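All chains, please: the whole structure from these sequences, using the hints.
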Amino acid sequence: MLDINYVRTNKEELKQNILNRQLDPKKFNVDELLQLDLDKKFLIQKVEALRKKRNEITQQINKTTESEREELIKTAKSIRKELKKEEEKSEKILLRWRELMDLMPNVTNSNMPVGKDDSGNVEIKSWGGKPKHKFSAKHHLDLGESLGLIDVKKSALISGSRFYYLLNDAVSLEFALFNYVFQKLISRGFAPIETPVLVREKALYGTGYFPFENDQVYKIEKHNLEDKNELYLTGTSEQAIVSYHMDDLLKGKMPKKYLGYSPCFRSEVGSWGKDVRGIKRVHQFNKLEMIYFTTPETSQKYMVEALAIEEEILQELELPYHVLEMCTGDVGMATHRKWDVEVFLPSQQEYCETMSNSDLASYHARRLNIKYQKEDGSRDYVHTISATAITNTRIILAIFDNFQQEDGSIRVPKILQQYLGKEVITK
0 MLDINYVRTN
10 KEELKQNILN
20 RQLDPKKFNV
30 DELLQLDLDK
40 KFLIQKVEAL
50 RKKRNEITQQ
60 INKTTESERE
70 ELIKTAKSIR
80 KELKKEEEKS
90 EKILLRWREL
100 MDLMPNVTNS
110 NMPVGKDDSG
120 NVEIKSWGGK
130 PKHKFSAKHH
140 LDLGESLGLI
150 DVKKSALISG
160 SRFYYLLNDA
170 VSLEFALFNY
180 VFQKLISRGF
190 APIETPVLVR
200 EKALYGTGYF
210 PFENDQVYKI
220 EKHNLEDKNE
230 LYLTGTSEQA
240 IVSYHMDDLL
250 KGKMPKKYLG
260 YSPCFRSEVG
270 SWGKDVRGIK
280 RVHQFNKLEM
290 IYFTTPETSQ
300 KYMVEALAIE
310 EEILQELELP
320 YHVLEMCTGD
330 VGMATHRKWD
340 VEVFLPSQQE
350 YCETMSNSDL
360 ASYHARRLNI
370 KYQKEDGSRD
380 YVHTISATAI
390 TNTRIILAIF
400 DNFQQEDGSI
410 RVPKILQQYL
420 GKEVITK
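So the sequence shown is numbered by numbering that gives the first Met the number 0: it starts at 0 and just counts up by one.
These aren't lab readings, by the way, just hints derived from the structure by calculation. All figures in this text were calculated on a predicted structure; none of them were measured in a lab. Take these hints with a grain of salt, some might be off.
Said to hold, decoys possible - The calculated lysine-lysine pairs, modelled on DSSO-like cross-linking and capped at a C-alpha distance of 30 Å, are:
| id | residue 1 | residue 2 |
| --- | --- | --- |
| 1 | Lys201 | Lys221 |
| 2 | Lys88 | Lys39 |
| 3 | Lys115 | Lys129 |
| 4 | Lys421 | Lys153 |
Below is the structure:
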């Protein structure tokens, strides 16, 4: 959510932000919001004045003579009628005002390129080049099936499309990856946290997924729940971790850094027919996520820190990658600035997104009422950063692709050999 004072004083910037994001200005209507804001203020004042007048007349009725009382009662009834009418009008305007405030996207950072879709993203750095295998490389699914590491045929029977079984050394590889990254980040001051995977609507609204991405979320039916509240499966631990501090006042040293582990669930609506083979785009995966709660002045600093950690992980895994500055038309509504990190796949001669890194500014904090206390005792909204530490499916397929050998085996990255207990994965 945006600061209403910012909205009031930056009308043209907000309108341009809507256009830069490729959104419909008629739906995301800044002029209507500002007019409603004025109407709301006027009606609040009018309602308060009528209530005051009603109370004054009520007091007069109790003190006046019987002959005067009848006229005052008539006036009081008229005021109550007008008050009810103005309260209903005020409630209607407030409802629409809140609806438009909820729709207003975050203001994008001035460093972001303006673009309509992923074609507008800009590479800002790369590492490891674009290697080519000297043999006919296999797709990660074909390689995984040949080594008994992935089974999507059985998962299709049990769960449907876009699910998978990881088997044998693929599971060991996942645990090795998570153990390696977990130890690295705990040593960097991140506090580990394991979250619920079912959350209420407030958590998804607070983190900017509702009302924008409702169709991407799995919903649990009410009749299955003890308290009859609707619950939703989380698509990232960010939704539960940021909501953990809902209505909190953070005190002491900033930033607060969390390393969250969770299974993630995504419906992938809108991606039918895209990346259907293998485990690249699936409905369920496991992830370690870095979450920062920072001061407004330091959020960009810690966004850079998170990217440095992501790059360090990929370099130690010996995976070639590049970093993209995401454009205004290819980011979520809560995003202030975003970088994507993509690993190169030699067998496909293309990049695959493996990590993201987003500065949400105060958007989450305003929706969830998360503040911090400054040294002088004053309070302000925190800024939040969400960055991928590692996901099981994307990194596993990247390792399969980059470390496969001509004989059909897979070399284990050196950094993981101590965790996996072997140098090569064979059948």
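To see whether the hints hold, each was checked on the structure:
no.	hint	in the structure
1	Lys201 x Lys221	16 Å, holds
2	Lys88 x Lys39	9 Å, holds
3	Lys115 x Lys129	27 Å, holds
4	Lys421 x Lys153	28 Å, holds
Consistency note: the structure conflicts with none of the earlier hints.
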